[in-house]
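J.: Chains as they are written, first to last, in the working numbering: chain E, 1 to 348; chain C, 1 to 390; chain A, 1 to 452.
To be clear, the hints were calculated from the coordinates, so they are not data collected in a lab.
Among the hints, a few may not be true.
Here are the simulated BS3-like pairs of lysine-lysine, each with C-alpha atoms no more than 30 Å apart in a straight line [said to hold, decoys possible]: (1) A/K122 <-> C/K79; (2) A/K122 <-> C/K296; (3) A/K122 <-> E/K323; (4) C/K296 <-> E/K130; (5) A/K221 <-> E/K303; (6) E/K346 <-> C/K296; (7) A/K324 <-> E/K90; (8) E/K346 <-> C/K79; (9) A/K284 <-> E/K303; (10) E/K346 <-> C/K262; (11) A/K318 <-> C/K8.
Some chain E residues flagged as far from chain A (calculated, every beta-carbon gap over 10 Å) [claimed, not checked]: (12) D29; (13) E86; (14) D141; (15) R284.
A virtual CB, placed ideally from N, CA and C, is assigned to each residue, including glycine.
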Amino acid sequence: MIKLNFDENKCLACDTRDCLTKCQYMDLDVSEAGAEIEKLINGEDSRVLYECRTCYACEEYCPMDNHPFYLIVKRQEELDIPPLPEPIIKQGVQLGIPFRGDPKIEEINGPVLNMGVFSPLYPSLIQGSKLFEGLTPISTDGRKMHHFFCQLMYLHFARTSVINERLPAVIDTINSFKPTKVVHFHDECYGTYTHYAPAFGIDVPFTSVHLFEYLYHRLLELKDQIQPLNYKVCYQRPCSSRLSSDKHKYVDKIFKLVGCEHVKREYMDENALCCGSTILSQRREGSRRFSLELQNRNISDMKQAGAELCIFNCPACMQTMGKQVAESGIMPIWMSDLCRMAIGEKAS
Amino acid sequence: MELTEEYKYMDVIHRCFRCGYCKFPQDWEDVDNCPSYARYRLESYSNGGRLWLIRAWIRGEIPWSEHLANIVYSCVACKNCEEKCPLSFAGDIVNMVVAARNLMVEQGLVAPPVKQYLEKVQLHGNPWGLGANKRKQWMGDLSVESYQGQDYLYFVGSEGAYDSRAQKATRALAEILQNAGVSFGVLGSEETDDGNEAELLGEDGLVEVLAEKNISKFNETGVKKIITLSPHAYNALKNIYPRFGGNFEVYHYTQLLAELLKAERFQAPKLDSVKITFHDPCFLGRWNNEYRAPRKVLQALGGTQLIEMGRNRESALCCGGGSANYFMDLLGGSPDSPARIRVRQARETGADILAVACPNCLTMLEDAVKVEGFESELIVKDISEILNEY
Amino acid sequence: MDAIYKKLLDIVGEDYVSNQNEELFTYSKDLGTSDPKWPDYVVAPKTTEEVSRIVKLANEENLAVVPLGGGLSLAGLALPLKGGIELDLKRMDQILELNEQDRYIILEAGASHGKLTAYLEKNTPHLKHSEPGAPPAATIGGNLAIHGQGDLGHPYGFNSDMINGLEVVLPSGEICRFGSCALGNDWYTMHPLPDLNMFMGWSGSTGIITKVSLRLFPCKKIQEQDALVLDDADLVPEVLFKLTHIGMAEDIIVVSQEIPPPFNRLHYILINLAGDTNLELEFKRQLIFDTHLSSYIQEGRAGIGASGQDIQRPVVSKTSDWRKGGGFEYVGAIVPISSYPKCYRHGVEVSGRHHIPYTTLGRVLGTGHSMMFSWTFAFNRADEETVRHAREALHETDKEVLKMGGTLWKPAVFGQKILMDQMDCATLQLMQKVKHMLDPNGIMNPGNWEVS
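Only chain E is shown next, with the shape it has when bound in the complex (with noise of 0.2 Å):
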């Protein structure tokens, strides 16, 4: 039985009331927070559920690891009080539905690399580079990458629902291919199988592996081939990877070990500002403003802080913001690329 592992004792308990008096789109006190976050427990109409951003950051500010943001989106969906208007929320639950036929199983008994559905970037940013030898690619035909989306961007759209029922599937197409340890190319894909999946009590058969994690110990393992690249870069923290905030510091260890400096911006790691993406279509009066000047106090702030780089995790943030970051004099460069070009490869 698929279900939120969420202890209403927890939150009792707590005195800072950080998921709510952190948010960075919601102003409340910690008394005001307590008030909502009770009418969060017992399911009724709170606030919170209109004003939330579905930025993810409460569940990284959660003292205690009791999944306030995915609570919230439960609530949303329950009381029917979603984020998104209607058609977007039908546009994306039917962009997971896969339509070209069953991907090809193949059982590999190694590590993989899963690309999620994001099949069409592996050619320019994986194919055929040292960082990557002796990881399997999964999901590399864009016909069939529905059947590995791992579905975690529907907490943006108030369905948790559609995840569950989905998700299991997805996991076993993932196992079908006996992988010993999977590295995830998209953040989130990791995040719902080390954070999400256990929050709903949805079993994992397989080892899950960050991203940024594999890049930090392949590049140690190369690291006679590295040749410092002396920028000075920022970093486009995205939502999903607040549920893999421990593993958040291999952004630092690889820029560190790649010869750059990470500049000192306002937003960065905890303050990070995510992509804005679906603040743009959110039903709130002025979101579609907010998310243009959510991106504007962004970059400007990447500006103000004399970056070169702005090195980006996930290709939905690229997709929102990449364009905008060139255009203020700022390279956009993927991470894995960056750790390509450290070790002499010709980056996308």
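Starting from the known structure of chain E, fit chains C and A onto it as the hints suggest.
T.: Same frame as chain E, now just chains C and A:
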């Protein structure tokens, strides 16, 4: 066996929509980037029309005729269509035309020019029908080593050996390689035609014979690395010969020269304020994705300015010499012959020299300049000649 | 040698006339579901004078003449229904004069839209023309002969409303000019007389358009596409009414199609915006999304699907590959925008019945004055069953359009017939009189717009 059962692309050929994309260059400038369509301007001559005709013939809807054969053989395999076609089978368009030619050859249904070409190559190892011993004539009084295990085999090819104009390029390249201290040798009369055009003409059996003969000679003499004069030979040796067990490291000469220039193994000469424009050869460019090496070499020249034609790289207009049309001349005889259109495009750049990197292009375009009557304004030269002459 | 062939050869030269089986076969085929119709000759003239001589010859020999541009109407409108001479006009492709100040360009009608777009991008990037959704090989003349519409439909209407002048070869062979150019002046206006308007939409059955002066419009530096997604077809007309009130878009298209899944049963209103600065674009977006349409978004009935996307030229050839079969044909209707919901529902129903993934599209014309609505039926050319289904779906749709009070745009012969059956008698008679007056021998693209 029914033709429909024999034809390899029966499950794909009906998918051509005849949308006309195949006629355009990358920037949509006009519908004249397909050489045969540019020449004839009738739909039967663009690959959309050609594929529909092929399908109809195979299905018995229309009978074979010499006109059909001419249409099918008038595709010079330049691959402009493959660059432009938006559908998923785009990479097989030329293959579909060649597969139809395979069937025609098997049935003995080829037009005289094709028959003559194939017969000569089969009997004499070259389309001129000249003796093998004449393959050394290009050397003149230049002393060139025979291949006996040097670093590179310099594969001259049939055009380079027998065509009087191309021979100048052949020799120029040999001199450059000698001056650069490259260790190389030639096979002279032991070379036979590379088979690239025979493959395009649909004569698989002949390709096998030619390839095996060359491969056997290469192996016998210990060839590992090959430099070719012609992109056609480059394509054959690199992409066709592995099919027959011939795996060598093949370079078009501009690729090697680009490396040598980078390593400062030789110096490009300095010219006196000369404007050059470069014509991308199809078998280096669209066929093998090599657009940089020739430009690197040209850019190394002093006192020159490299001006690009509007139709460059993937958009280059083929000279019309591919698929043995250099011999059969199915696209000649009109101001709309692709070679003539091309040299007019070159002239528009205001360049003094139209540089080429292929002996086919060399002769096709030089002849076109003569017919157009502006030899005093524009000279056609192979890159090897430019490097060697100045 | 065939005497007529010899005369044609004398006019155009040996290379540009053919009565060989291969050319006749190639030109007998339409890209849609029409059955092949074989011409007797294929001719590709270079000049208006050559066209005139050919037409005069055709009259003498009582041969049909069928003008052909890109051949992309998909409704068999350039098929030689009664044999005769298939006139491939694509060699008449020269761009003659660009007048930047007065914003027009004179060119031969056989030039492709792709060529014109490339030319303007290169020479006057601040000017553009209305490009139809057909592949870029579609010709200027062909598109006008069917009353085409393109990507400037919302502000400026039909492509055939964007002409400043015409040169036409009449079915009797005379060469005529219409508009200010008829006075020997610059080609800057079509109105007033002699603007006789007897050639637009007639599918080449009243004459051959040889030269056109086409209006050019401002082309702003930045072009983008924004998308509004709806799940309720009944809401579409209301939203379009608001959008057309704002008047900021260059092209408004509503798309709904079964594949790929994200589009299924949803309505994407694609809005093309242009601006010389980001400020201009952001202003337009604010008017549209933050002001006029914000209530729909807040109520959750419509959502912003995308904003600020690069505009890609639509690749309709890909539609032909949906059945892996190289073919599709569509019914295009001109309907009031309020008809969108029933048009859409018919599309879903008839496509489903014929095992075709439904594909519908509506383009707003003018300030919401009408909509070009199309139902596309893909088929596999190698599978007769699918061709039959597509044909049946097309015919059923033609009939349904008239039943719902719409009219057919560029109909094939089947659609022409049912249209004429419903037409006002006096009007139909006048159409016939005009046709007969221009073409007494009945040689110009016969079989089209003929009363039986």
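J.: Take the hints in turn and mark each one as holding or not.
T.: Here is how each hint holds up against the structure:
1. Using a Cα cut-off of 30 Å, the hinted pair A/K122 and C/K79 holds, with the two alpha carbons roughly 25 Å apart.
2. Between A/K122 and C/K296, the direct Cα distance comes to roughly 27 Å. Compliance with the 30 Å bound is thereby established for this hinted pair.
3. Distance restraint check for A/K122 and E/K323: the Cα-Cα separation of roughly 24 Å lies within the 30 Å cut-off, and the hinted pair is therefore satisfied.
4. Between C/K296 and E/K130, the direct Cα distance comes to roughly 28 Å. Compliance with the 30 Å bound is thereby established for this hinted pair.
5. Between A/K221 and E/K303 the CA atoms are separated by roughly 26 Å; this keeps the pair inside 30 Å, and the hint holds.
6. At most 30 Å may separate the alpha-carbon atoms for a hinted pair to count; E/K346 and C/K296 meet this at roughly 19 Å.
7. For the given pair, A/K324 sits about 28 Å from E/K90 by alpha-carbon distance, which is consistent with the 30 Å threshold.
8. The straight-line distance between the Cα atoms of E/K346 and C/K79 is roughly 28 Å, inside the 30 Å bound, and the hint therefore holds.
9. Among the hinted pairs, A/K284 with E/K303 is consistent with the structure: their alpha-carbon atoms are about 27 Å apart, no more than 30 Å.
10. In summary, the hint linking E/K346 to C/K262 is supported, as the alpha carbons are separated by about 19 Å, within the 30 Å threshold.
11. For a cut-off of 30 Å, the pair hint linking A/K318 to C/K8 stands: about 23 Å separates their Cα positions.
12. The beta carbon of E/D29 is kept farther than 10 Å from every beta carbon of chain A, the shortest such distance being approximately 28 Å.
13. For E/E86, the non-interface assignment is contradicted: its Cβ lies about 5 Å from the closest Cβ of chain A, within the 10 Å cut-off.
14. The beta carbon of E/D141 sits about 15 Å from the closest Cβ of chain A, which is more than 10 Å, so the claim that it is off the interface holds.
15. Residue-level check failed: E/R284 sits 7 Å from the nearest beta carbon of chain A, not beyond 10 Å.
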